[in-house]
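A.B. asks: For reference, the chains in residue letters:
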Amino acid sequence: MSNCVLKLEHLHKSFGGVEAVKDFSCTVDEGQIVAIIGPNGAGKTTIFNLISKIYQPDRGTLALGGVDITRKSQIETARMGVSRTFQNTRLFAGLNVLDNVKVALDFDGKYSLLEAMFLLPRRWKREKETTRRAMECLELLNLAQYAQTRPSNLPYGIQRRVEIARALVSNPKVLMLDEPAAGLNPEEVFQLVDFIREIHGKYPQLAILVIEHRMDLVMNLSDYIYVQDFGETIARGLPADIQNDPLVLKAYLGEEE
Amino acid sequence: MSNYQLSLIMLACISVITVCGVFSMTSLAGMFSLGQAAYMSISAYLTFCLAKYLALPIWLTSVIGIFASGFVALIISLPTLKLRRDYFALLSVAFGQMVSSIVILLGDYTNASIGFSKIPKVEGLVYIILGITVLIVFMVRNLKYSRFGRMCIALKTDEIAARSFGIDVYRLKVKIYVIASMIAAVGGICYGLRNRVISPDAFDWSLSAEMQILLFFGGTNSLTGSVISAAGLKVLPEFLKGVKLFGFDLQSFRTVIYCLLIIVVINFRTKGIMGESELNFAALKRIAKRRSSACSKGGKKK
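Chains as they are written, first to last, in our numbering: chain A, 8 to 264; chain B, 5 to 306.
Quick caveat, the hints were computed from the structure, so don't treat them as lab data. Small disclaimer: the values here were computed from a predicted structure and weren't measured. Heads up, some of the hints might be wrong.
[Said to hold, decoys possible] Within a straight-line C-alpha distance of at most 20 Å, the following computed EDC-like cross-link-like pairs (lysine to aspartate or glutamate) qualify:
1) A:180 x A:75
2) A:79 x B:242
3) B:86 x B:163
4) A:117 x B:172
5) A:132 x A:122
6) B:179 x A:75
7) B:179 x A:115
8) A:79 x B:127
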């Protein structure tokens, strides 16, 4: 069996009286695409926010590549290789596409404020290195032609891809995609599935975690599926099993009267 | 050049220095402060008081003054930058007032509201100030186009997203705040050297507010725009001197004119005159190209 990258055990999170996530456990292996599905309000995004440490879990543990990250901050977790996109794209509007990707490498830019202000040689060298890595990533994902464009001038589908490129450039261990198909038209969704497959092919080590509404996308893409409803895991398994699970159908389609 | 012209140049330069400081803080990192004049005050008083009472050379005390301001900025920023942006802006006003009252309380040394005027004369001051201005504009420009500039713009747009890319928002803000305050400190010393007298009133919150206004006028995200507006708007009232309109002396209406100009700009160009674009060689080339192509088209029509 391949290496387990992300291991979540018995995660709990409640907001006031609402238990958003109840006893969620999950493992993601290297090179695996795992999907979390479920209707609105099922606590999917909360799970993502727990993994990326925007929220701290009330109970339970998280481990990344065998290291316990339960008490790590959002910044530390990101630096350890958990990278994500957001439900509504959150590209930095003031930066062009290239800079948006570069900024994901900048926490580790390896030159000081003084070197930056006086244009010392190390600044040039490191900056060149950052640009090279960012351009490589953009080229790999066929986005190089948009490098100098502001994200607000791009179609939504491309913005989504740029966001994924930004999350990928730092070579993370886990890539989390929060509803990547939200707001896309059917054709764009189709392209997105290809795009995620492409990423999967080009980064064979990368574990991908997807939150999604659309069954078709999930069924095509994922190796393993968790189904959430009202914070609880109601089913888990291979896509084919999930498709016929009566509990899942009930949650999605409602009960027969 | 006459002394008057030289002093105008220095006035413009000092304005550019201080606005550069505010630029790195507000435009890059999105911290809105109304207390930056306090750092001018701290460094100016420290520099000239130390020079007088301890008989130290002015360059040495300037260095002490600048670093002391940086240190105060560090101490102030550690608790306040944890707050939300609006509370931070409010606290910065309080801090500015606090520094003013401390200067008055230490009246035995600072001569309180009458003003401290034992400031040595420096030869060739205009060249020194011009040099410092160029250096500071250069430094702030480099800051904008470095990884720090990018991270600042990122955290200004979206702090949570910035954190999820490993950017230590709080530490970066503290760093930028200290740098901005040290730049303001440089401006304060230059101000003292030019005016030969400093008083707590000169560094009150209205000066801090003026810096922000100049910045927004020039373009919230444009360094060249801010520099141009800082120099231009600061010198503008001097040209209104002696000009009379309908029997009113325009000089005495300068605040009104200022405010009208600003209201017009904020209304019709919400992002300031230059918006986000920078004036650099590439932009100049583009404009030249457009004009020449427009000319050639016009020529063909004829």
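A.B. asks: Hint by hint, say whether it matches the structure.
C.D. replies: Results of checking the hints against the structure:
no., hint, result
1, A:180 x A:75, "15 Å, holds"
2, A:79 x B:242, "57 Å, violated"
3, B:86 x B:163, "12 Å, holds"
4, A:117 x B:172, "14 Å, holds"
5, A:132 x A:122, "11 Å, holds"
6, B:179 x A:75, "30 Å, violated"
7, B:179 x A:115, "16 Å, holds"
8, A:79 x B:127, "57 Å, violated"
In this structure, the hints that do not hold are numbers 2, 6 and 8, in rising order.
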